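If you're matching them up, the sequences are chains A and B in order. No gaps in the numbering here: position 67 of the first sequence is 66 in numbering that gives the first Met the number 0, and each next residue is one more. No gaps in the numbering here: position 471 of the second sequence is 470 in numbering that gives the first Met the number 0, and each next residue is one more.
Keep in mind that the hints were calculated from the coordinates and are not lab data. Some clues are possibly wrong.
It does not matter which identical chain is meant; a pair holds if it fits inside one copy or across any two.
[Stated by the list, open to error] Derived DSSO-like pairs (lysine-lysine); straight-line CA-CA distance at most 30 Å: (1) Lys240 x Lys265; (2) Lys580 x Lys487; (3) Lys201 x Lys240; (4) Lys487 x Lys375; (5) Lys544 x Lys580.
Keep in mind it's a predicted model, so treat the numbers as computed, not measured.
Protein chains: 2
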Amino acid sequence: MTTQEQLYQWQELAQQLRVDSIRATTIAGSGHPTSSMSAADLMAVFLSKYLRYDFDHPDNPNSDRFILSKGHAAPLLYSMYKAAGVISDQELLSLRRSGSRLEGHPTPILPWVDVATGSLGQGLPIGVGVALAGKYLDQLPYNVWVLLGDSETAEGSIWEAFDHASHYTLDNLIAIIDVNRLGQRGQTELGWNTQAYANRAKAFGWQAIEIDGHNLTEIDQAFSAAVAVNDRPTVIIARTKKGKGVASLEDLGGWHGKALKAEQEKQAIAELGGERHITITVDKPEAQSQPAALGVSQPLQLPTYQKGNQVATRRAYGDALLALGTSQPDVVVLDAEVNNSTYAEDFAEAFPERYFEMYIAEQQMIAAAVGLQVRKYKPFASTFAAFLTRGYDFIRMAAVSRANINLVGSHAGVSIGQDGASQMGLEDLAAFRAVWNSTVLYPCDANQTAKLVAQMSDRYGIVYLRTTRESTPVIYGSQEQFSIGGSKIIHRSQRDQATIIAAGITVHEALKAYDRLKNEGITARIIDAYSVKPIDIQTLHQAAKDTNGNLVVVEDHWPEGGLGAAVLDAFAGNSSTPAYKISQLQIIKLAVQDMPTSGTPEELLHAAKIDADAIVEAVKSQVRRLVGVS
Amino acid sequence: MTTQEQLYQWQELAQQLRVDSIRATTIAGSGHPTSSMSAADLMAVFLSKYLRYDFDHPDNPNSDRFILSKGHAAPLLYSMYKAAGVISDQELLSLRRSGSRLEGHPTPILPWVDVATGSLGQGLPIGVGVALAGKYLDQLPYNVWVLLGDSETAEGSIWEAFDHASHYTLDNLIAIIDVNRLGQRGQTELGWNTQAYANRAKAFGWQAIEIDGHNLTEIDQAFSAAVAVNDRPTVIIARTKKGKGVASLEDLGGWHGKALKAEQEKQAIAELGGERHITITVDKPEAQSQPAALGVSQPLQLPTYQKGNQVATRRAYGDALLALGTSQPDVVVLDAEVNNSTYAEDFAEAFPERYFEMYIAEQQMIAAAVGLQVRKYKPFASTFAAFLTRGYDFIRMAAVSRANINLVGSHAGVSIGQDGASQMGLEDLAAFRAVWNSTVLYPCDANQTAKLVAQMSDRYGIVYLRTTRESTPVIYGSQEQFSIGGSKIIHRSQRDQATIIAAGITVHEALKAYDRLKNEGITARIIDAYSVKPIDIQTLHQAAKDTNGNLVVVEDHWPEGGLGAAVLDAFAGNSSTPAYKISQLQIIKLAVQDMPTSGTPEELLHAAKIDADAIVEAVKSQVRRLVGVS
C-alpha cells in the first residue's frame, strides 16, 4: 500500500509541476498551462515511482522510453525535467524563446526527447514502433509509456496503434489518456465517458483501466497493474480536470493554449501552495543488459544484373534489401500488406524476426519506422508510392524528429498501366522533396537500384526511393558506381544540341528518343538524374553550357515539384548562392498534365506526352528554334 | 420470408456477377476476379431488393448512394451495372482498356460512380459525408451503402468513420464488410474473426450483424435489419470466401489481383453454371421529394477592412465565410477542432445546421467534404495548414473523384512563431500544387482574402487557401478586385532594376524591403502573387523583361515546390508551350532552409532569411552584379 508520506510527496511534486507549468508559460507569454495541469498528478507518480530512466545516458538501452503524445503539454514535460534535476529553473523559464532547447512542442534538441510531437495522434503509433523494438529486437524488459490527450483519440492513427499493439502483443506498451474533457474549442466527442474509451480499447484487445486521474492511490494502482500485465498492452483512462488545482481555470472553457497574466499567475501559484523546488531521483533501470544480437555484420554482396536483361527496379529493390539485411543485422523492414508487390517479401521470408507486417495502415507503418530508429535500427518501409501520401504528416513530423528512415514507393507513375489513377504515385517526388533534409532517389535500372539501396541505410534523414512496377532493360554494368547527389551522363558528344534529363522509367524513353534524333542528325546529351534530391547541379550547369541552354526534362509525375522542378531549382540562386548565369537557357518540362485513365503502359506514357515521341518533338522544337534564330 | 423463387433468382444473379467478373478480367488480362466473387451474393441481394436507385437520373436526390470502398472489386460493380441493364456486355468486356469508361478502379467517368475508390479505407469516411448530407441537409430518407474489404479496416480512417457516424447518429449509413479473410499477400490481421469486428463496431456505437456472406437468407435478413434501425449506423460483417464458387480459387492464397487464363476461365465458368445474361430492374426511389431548403440565396455582402488596420487573414477568412454562408445556402463548413483558430467558428455559430465538427480527424474531415459535394453542397474544410498533410491521400483521391472542395490551412509558415516546427505548415504549397487541377491561393491582406473566398465556392476542383496566423496590415482598398490566376503589382516604375515576388506574409516584408531599397536609390517592382496556382505568367514575363531578368522570390515555405517553383515554372515550356526566351534571367529564391525553432515571428522570419533584410540583400546582389557587368 501507498504510505501517507509517499502520497504527500507525490502531491507536493504534482503541485510543483502545475506551478512550474504556469510560471514557464506566463513568462513566455504563450503555451498550454491548463493541459499540463490536468496530467500533473499522473506524471508525479510516474516520475517518482514508475519511470526507469538513465538521464545521464539517454541512449541506455535498458531505459524506459516516454513519449508525450500530447505535445502541447510541453511545459509539464519540462517541469518534470526540472524536478528530475536535469534542467535548471532558469532554463525552464526560457520556454519558447529563440535559442532555448525548450520549444513550444518537444523536439529531440533535448537529449531525453526521442521524437518530436505536436501533431496529435502520432505519439502512440510511434510508441508501437519503440515497443516492437523493445520486445522483438532489443528483447529488453523496458516499458514504453505514452501520455495522450483525449482529443487526439479522434485520429484514426490512434486506432491503427491500438490495433497493431494488440496484434503484436505489446505488453511493454502503456498508454495513459488524460481525459480532461475539454479540447481546444469545447467539449471533446466523448467528454468524460471513460467507459466508452475503455470499451473501444478492450474491443481492440487492450487491458483498459479507468481511474480518477487526480486520485494518487488509483494512479499508483493503475500503473502497477499496467506494469504487471504480460499478455497485452494497457491503457489507463484517467478522468481529469483541465487546469486542475486553480478554481479560476479548473474544468473551464476558454483556457486552452492560454498563458496566465502576471496577476493571474500570482493568484494561481498561491492557490497551489506556492513555488516549490523539489528535486527527485528518478530510478535508473536495474538491468544493464545489451540488446539482443540479431546477427553478425557481413560484407555486403549486392545482387548484380546482366546488361540487356529485363528487370523491374522494384524487383532489384527486393533483392538488394535482402542482401543489405544479410550484411547489416540492424536493418529492419516494414510493409503495408503489399510486400509481394514491393518485393519486401524476400526479406520477410529470410528474416521474419526483423520484418513487421503493418497491414494496410501506412500511418502506423511510418510511425513504427520512426519508433524503430529511436532504438538505432535502420528501417525500410515500403508500399505503393501513391499510398505513402497517407502518411505525409508522419513523414513531415519524422523530419522534425530528425529521424533516419528509409521509405520506398513502388508502382509510381502512369507507367503502371491498367490499374488506373488511384494507384499511380504522381505527386510523391514533390511531396518528398518538400520534406526537410530529405533525399529522393529514382533509379532506372536494377544495378543502379541495388547500388542506391546500399547507400540508404547509413544516410541521415528521410530517404525516399521510387521504384517502377514494370520490367525495364538493365542498362548499366554491375560495376558502375552511383553516388547520392550524382547523375550519369549516358550519351555525350562535342556537338550535343540539346540535353534530355530523365529519371526512372523516362530514361528508357529518353534513350529511344536519342536513337531517333540521331537518325535525324540531331545529337542529344542524355542525363540520368537518379538523384532527384540532392540533384547534380554541376552536371546540369555544364550541360546547359554545352548544349545552348536547350534542356528537356521528362518525368512520370505531375508537372509540379518533381524532377523538372529540381532541374529548374538548379539554375536558381538562394540566400547564399547566386543564380546561375546563362544567356540562352530554355527548359521544356514534359510531365503528366491530364488525369490518366487505364490503358497499357505504352499507351499511357504516350497519352501523357512523356514518351520517346514527345521527347523527340520537344528536342526538335528547341533545335528548330536555334536554326530559326541563327 | 424469402421465397424459394427469390432465392433462386438471387443465386442465379450472384453466379452471373461471378462469371462476368471473371470474363471481364480474363479478357483484360488483369484485375481482381476473386475479390469480386466473394461479395457477389451480397450484391445480388442488394441490387435485387434493397438498392433504390434512379439509373436514368444519377443526380436524383432521392436515390440511395452506393460506394465501392474496396475499389479493386470494380469488375463486380461493372457486372452489377450490366445486370441493371445500364451497360452492355460488350462494354463490360472493355474493362481496363484505354478509352473505356470501365477503369481498373471505379471513377466518376461513369455517371453512377459518385467518387473514385482504390485507395483503401476511403469509401466509408466519404460515405459518412454523404450520409451527413442525407440526414442533416437534404433531409431525405435515402440510405448510403458502402461495401468494404476486410483488409482496409486496418486503416485508421475507417475508425474515424465509425466514430463520426456514431457521433452523428447516421442511421442512414450501412457498411458491409466482405470478410474474405485473404488480403493481397496472405491472411488479414483478424482473419475470419467476425466477432472481433463486431465488438469493435459495437464499441464505436454501431449496430453490428454477423452473417454468412454466402447465405442469401441471412443476407436478406441483415439488410432488412440494417434498413429498419433508426438510432445508429449498421455494419454487416459477412464471412465470405475469396473466389467463392470455383474450387481452384476458393479461399486460396496467390489469387489476389490475378486474372484467369483462357483455359482456367472456361473451367471456372462451367463450374459456375455457365454464362447468364439476366437483366433486373432496380427499384427507383419511391419518394420524389426535393432536398430541404436551407435558406434563400442573397446578394453577397463581403466584409470590408480599413486600409492600414491590422487584421489576420485567417480572421478575414472567418468573416468572409460567414458572408458567403449568408449569401449561399449550399455552403457548408467543416473543421477539425480548431475552429477558434481558423475562425470557422463564426459560421458554426451562425449556421449550426450547416457546420460539422469533425474533431481531430483530418482524413475524415476531407472525406466528409468529398461526400458532401457528391450531393452538390459546397464544402469549406479548415485546420492548420500543417495538419492538412494528414489527409494528403484523401486530397489526391478527391482529385481523381473530380470533387469540388475548398480546403483552408491556417498557421502557415515560420511566422506563427513560438509554437515551433510541428505546427508550421511549410510544405502545403508544394503538396497542393502537386494535386491535379488544383487552385492554390495565398492572400496577404484581409480585403484580398475576402475577395478570394468569394470566388472559391464556385470554382471546380481542389481549391486551397493558405491563411496567416498573425495580424498584418490591410494594404488594399475594399474595392480592389483579385481574380484567380491574376496578381497585383504593388509598385512599378519605368526604371525598376529588379522584381520582388511575394505572397502572404512575405508581401509585407517585400514592402519594407522596397522602402529601404528606394532609400538606397534602387527601385524594385513588387508583385503580390496571391494566386500561386494558376500563377500570373504574363505579369512575371513582363517583369523579367522590364527588370533585366532580376527576380527575387520570397516565401514562408520550404524551398521546394512552393511559390518559387511556381515562378520558375512560369519560365519553362511544356509539350504545348515553348519555354520563355530571355537572355538574362536570374532568379533568387528565398525560402526556409533550416528546421525552424520557437521564437517570435520576427526572429524566425529573420533566421530563415525571408525577411526584409534578406530581400534587400538579394536584390542588391543582383543589382551589384549588373553594375559589375556593365
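| said: For each hint given before, does the structure comply? Return the numbers of the non-compliant ones in rising order. | reply: 4
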